[in-house]
Amino acid sequence: MKRSTLRLGIFGLLILASASSWGCGGASTNTVPANTKPVVETKPSKATFLAVGDIMLSRGVARLIDREGELAPFNSLAGVFRSTDFNFGNLETPVSGNDSRIGKGLVFNTRKKDVEGLVQFNFKIVGLANNHALDQGVAGLRHTMAFLPGKGIEYVGVGESPEEAWKGKIVTANGVKIGFIAASYSSYNDGGTGRNPFVARIEDVELMRNSIASLRNEGCQFVVVAMHAGIEYTRRPHQPQIDFGHAAIDNGADMVIGAHPHWIQTIENYRGKYIFYSLGNFIFDQRKPDTMEGLMLKISVAHDGGVNVEKTARLEQVELLPVIVERFGAPRSTTAAESAAIVRKIGVTDPILLPK
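Under my numbering, read the sequence shown as residues 1077 to 1432, first letter to last.
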């Protein structure tokens, strides 16, 4: 009995030793230290998007739509819109739910049917932080915030509180996550004197800093801050634009894109990042020569891929595409001579901007 018991004990130890070196399925396992990161390989990828200036679908633009159809303001540039992964612009009008057409004045409203061009031509996100956000009151703004996502268009720059207005949104294209934030010098069309909780304001730098950090925490790889500010009908930015643009870059933004002056304004490379102080008008019914010129930016953002790389993307290039706005709100591409003349006004000779 003692010899038999000894044999069984040895046999049991052998079984235990075998079990410790084999998994439940009979395959050997390699222990990975708890603090070792898993190997993750990311493939190279690139996203291209278009950024445009002020889009106003009221007044004379609404009359153009009534004559020629909802796509009339966009049709001349259909090929450009469809050459990108998505498009972005400053929508300087509420979509209030009131479908009456406004003929003149500085209080704008867009009929629901008139946003069809944005839908058809791949505007996945728009900035609403501008001095016309509340042209149709709080109810009109709330209708805009409810209506646009239902059409597949996200928005930034407005909300029910300052924190919500500053909340960024991410558009993912080809695996690249691009974040957007928007802010305005003014909450009303009153020169910036009145404040409310609904529109992100450029003086709230701390809220901007928090918003950029939140986007990064969500995995955003490239952050664009849209700025609605400046003195109308001027070529150079004034100090609040410069201060905000610099603050955005200092707090982690990769690019700043401006609107509001209705003219194109100069471009700055600040700490290796581009600040486009104003892209001018894009779809607007103004008729003075400089208000009929605008810039589109065709922006390419790339991720080189690799093993366990940081989740950041780099600017590959920006192509400046000037436009001329005709027929009270229909932008068209320019000839080589027209393009050169337009960008020369802001001191640019090469329409391709590379990282510096």
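Hints in this document: simulated from the structure, not taken from any laboratory.
It is possible that some hints are incorrect.
Using 35 Å as the maximum straight-line C-alpha spacing, the simulated DSBU-like pairs for lysine-lysine come out as follows [as the list claims (entries may be wrong)]: (1) 1188 with 1200; (2) 1189 with 1119; (3) 1200 with 1349; (4) 1432 with 1180; (5) 1189 with 1200; (6) 1227 with 1189; (7) 1349 with 1180; (8) 1374 with 1122; (9) 1245 with 1200; (10) 1119 with 1188; (11) 1122 with 1180; (12) 1243 with 1180; (13) 1122 with 1189; (14) 1243 with 1122; (15) 1432 with 1374; (16) 1188 with 1122; (17) 1119 with 1349; (18) 1180 with 1119; (19) 1200 with 1119; (20) 1432 with 1119; (21) 1243 with 1227; (22) 1421 with 1119; (23) 1432 with 1122; (24) 1364 with 1349; (25) 1189 with 1245; (26) 1364 with 1421; (27) 1189 with 1432; (28) 1227 with 1200; (29) 1188 with 1432; (30) 1243 with 1200; (31) 1349 with 1245; (32) 1227 with 1119; (33) 1122 with 1364; (34) 1432 with 1421; (35) 1364 with 1119; (36) 1122 with 1349; (37) 1122 with 1421; (38) 1245 with 1119; (39) 1421 with 1374; (40) 1243 with 1189.
Hints and how they fare:
1. 1188 with 1200: holds, 16 Å
2. 1189 with 1119: violated, 40 Å
3. 1200 with 1349: Within the cut-off at roughly 24 Å; holds.
4. 1432 with 1180: Violated, because 44 Å separates the two Cα atoms, which is more than 35 Å.
5. 1189 with 1200: OK: residue 1189 and residue 1200 at ~17 Å, within 35 Å.
6. 1227 with 1189: Since the Cα atoms of residue 1227 and residue 1189 sit roughly 11 Å apart, the hinted pair holds (cutoff 35 Å).
7. 1349 with 1180: It is violated: about 39 Å lies between the C-alpha atoms, which goes past 35 Å.
8. 1374 with 1122: Holds, because 13 Å separates the two Cα atoms, which is no more than 35 Å.
9. 1245 with 1200: holds, 11 Å
10. 1119 with 1188: violated, 41 Å
11. 1122 with 1180: violated, 43 Å
12. 1243 with 1180: holds, 33 Å
13. 1122 with 1189: holds, 33 Å
14. 1243 with 1122: Satisfied, since the Cα-Cα distance of roughly 25 Å is no more than 35 Å.
15. 1432 with 1374: holds, 17 Å
16. 1188 with 1122: holds, 33 Å
17. 1119 with 1349: Judged against 35 Å, a Cα distance of about 25 Å means the pair holds.
18. 1180 with 1119: violated, 52 Å
19. 1200 with 1119: holds, 24 Å
20. 1432 with 1119: holds, 25 Å
21. 1243 with 1227: holds, 20 Å
22. 1421 with 1119: Roughly 41 Å separates the two Cα atoms, so the pair is violated.
23. 1432 with 1122: Judged against 35 Å, a Cα distance of about 19 Å means the pair holds.
24. 1364 with 1349: Roughly 32 Å between the alpha carbons, so the hint for residue 1364 and residue 1349 holds.
25. 1189 with 1245: holds, 25 Å
26. 1364 with 1421: Holds: residue 1364 and residue 1421 sit about 16 Å apart, inside 35 Å.
27. 1189 with 1432: violated, 43 Å
28. 1227 with 1200: Cα-Cα ~9 Å, so holds.
29. 1188 with 1432: violated, 42 Å
30. 1243 with 1200: Status holds; Cα separation ~16 Å.
31. 1349 with 1245: This hinted pair holds, its Cα atoms lying about 20 Å apart.
32. 1227 with 1119: Holds - the C-alpha atoms of residue 1119 and residue 1227 are around 32 Å apart, at most 35 Å.
33. 1122 with 1364: Cα-Cα ~38 Å, so violated.
34. 1432 with 1421: Holds, at about 22 Å.
35. 1364 with 1119: violated, 48 Å
36. 1122 with 1349: Holds, because 18 Å separates the two Cα atoms, which is no more than 35 Å.
37. 1122 with 1421: Since the Cα atoms of residue 1122 and residue 1421 sit roughly 31 Å apart, the hinted pair holds (cutoff 35 Å).
38. 1245 with 1119: Holds: residue 1245 and residue 1119 sit about 24 Å apart, inside 35 Å.
39. 1421 with 1374: The hint holds at about 19 Å.
40. 1243 with 1189: holds, 27 Å
Hints 2, 4, 7, 10, 11, 18, 22, 27, 29, 33, 35, counting from the list given before, are not met by this structure.
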